[in-house]
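Q: Chain by chain, the residues:
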Amino acid sequence: MTISAFSSGTAVTRLGQFAAILVVVAALGACVTPPAPYDYTAFRQNRPLSMLVLPPVNETPDVTATYGVLSQVTLPLAEAGYYVLPVSLMDETFRQNGLNSPMEIHDVSPRKLREIFGADAAVYIKVTQYGTSYRVLASETRVTAQARIVDLRTGQLLWQGGATASSSESRNSSQGGLAGLLVNAVVTQIVETASDTSFKYAGIASQRLLSSRKNGVLYGPRSPNYQKD
Amino acid sequence: MVMAATKSARLLRFAAAMAMGSVLVGCAPAAPRLYHWEGFQDQLYEYFKADKSGPEEQLRVLDAQVQKARARGVALPPGFRAHLAMIYLRLGRDGEAKQELEAEKENFPESEQYMDFLLKRMTAQKS
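Just so you know, the protein sequences line up as chains A and B, in that order. Take any residue in the first sequence, count from 1 to its spot, add 215: that is its number in the working numbering. Take any residue in the second sequence, count from 1 to its spot, add 5: that is its number in the working numbering.
It is worth saying that the hints were derived from the structure and are not from the lab. Any given hint could turn out to be false.
[To be verified] Among chain B residues calculated to face chain A with C-beta under 10 Å, some are:
1) Q48
2) Y52
3) F53
4) K54
5) R77
6) V79
7) R86
8) L94
9) G97
10) E111
11) F113
12) F122
13) L123
Ideal Cβ placement from N, Cα and C applies to all residues, glycine included.
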């Protein structure tokens with residue numbers, strides 16, 4: 216009797232354990248612990264209509280990073296519902312005023328930016344990874360950037376975040392054994408450099424960085440989803 | 006009987022197409038884009054690199070995109086007309102550049118202050 220009672224108790228415990236493991240696994244598998252919701256208080260209070268994307272500061276050895284990213288960032292912000300100031304004219308305006316480096320441009324006062332461009336907010340981007348790196352087994356093209364959106368009327372920080380995009384996300388490198396892998400790596404690097412793959416990944420990273428998604432930028436007034444998020 | 010068979014085959018094909026569609030679309034139904042982008046980003050990149058195609062070639066590509074957007078009835082993105090103005094300036098076609106700046110302002114009133122700043126400078130340089 217005691218034995219059977221004992222064993223049925225174990226069975227219950229085991230079932231409990233099993234259920235607990237299931238719950239943990241489900242939680243892990245579902246959303247990999249959801250990130251803390253972003254605090255949008257300042258964003259909602261300021262509600263910018265237009266954004267001025269300044270030339271990104273380049274912290275990588277690849278000189279094409281600044282304009283690779285700058286050419287790509289209008290799309291996500293415009294599709295999110297904002298007016299984005301024309302990037303080519305913006306760049307030219309700074310040049311004509313003797314400001315050639317993104318670092319200098321990022322130091323221009325919000326009041327001055329507002330006065331010339333009339334934008335409600337400025338987007339400060341920093342590129343920390345850009346380009347194709349040769350690794351023995353798999354070359355990889357990677358673009359990583361951080362962004363801060365600052366309101367030019369109040370000086371308040373509205374949003375900040377980071378994103379990355381990499382060619383190794385999609386490529387399957389398990390073909391042809393070791394020799395195949397080595398050839399693959401060389402070929403990949405040549406192909407990825409020649410066709411300016413970095414620019415393509417700059418597009419993906421920009422999408423992830425500045426489109427409206429979970430904890431991303433809020434929808435702007437030109438989007439049908441404005442004020443619904 | 007034959008009719009019924011054809012009908013059920015059609016239904017089946019329809020169901021298969023629907024299934025394929027939902028697989029392709031995934032779980033998030035893609036909302037239609039607000040603007041006609043096509044190669045606008047590539048053109049901006051071309052402009053900044055300034056080593057492959059000259060302003061004439063860039064103007065040709067952008068013009069073709071304007072035609073396509075018009076034919077499809079989709080709006081041009083923010084900054085597109087302003088970028089066209091930039092290309093016209095490069096080519097010394099100031100009159101057309103001005104028109105594009107005015108058009109940018111008309112389509113996106115948010116750009117008014119900056120467009121006026123540019124237009125004022127253009128007239129100042131002329132006189």
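Q: Next, verify each hint and record whether it holds.
A: Each hint tested on the structure:
1. Q48: Hint holds; B/Q48 Cβ to chain A Cβ min 8 Å, cut 10 Å.
2. Y52: Nearest chain A Cβ about 6 Å off; hint holds.
3. F53: Since chain A brings a Cβ to about 4 Å from B/F53, closer than 10 Å, the hint holds.
4. K54: 7 Å, holds
5. R77: This interface hint is violated because 16 Å lies over the 10 Å limit.
6. V79: 12 Å, violated
7. R86: 8 Å, holds
8. L94: 8 Å, holds
9. G97: Because about 15 Å separates B/G97 from the closest Cβ in chain A, which is outside the 10 Å limit, the hint is violated.
10. E111: B/E111 check fails; min Cβ-Cβ to chain A is 13 Å, beyond 10 Å.
11. F113: Cβ of B/F113 sits 5 Å from chain A, so the hint holds.
12. F122: B/F122 check passes; min Cβ-Cβ to chain A is 6 Å, inside 10 Å.
13. L123: Since the shortest Cβ distance to chain A is 7 Å, the answer is holds.
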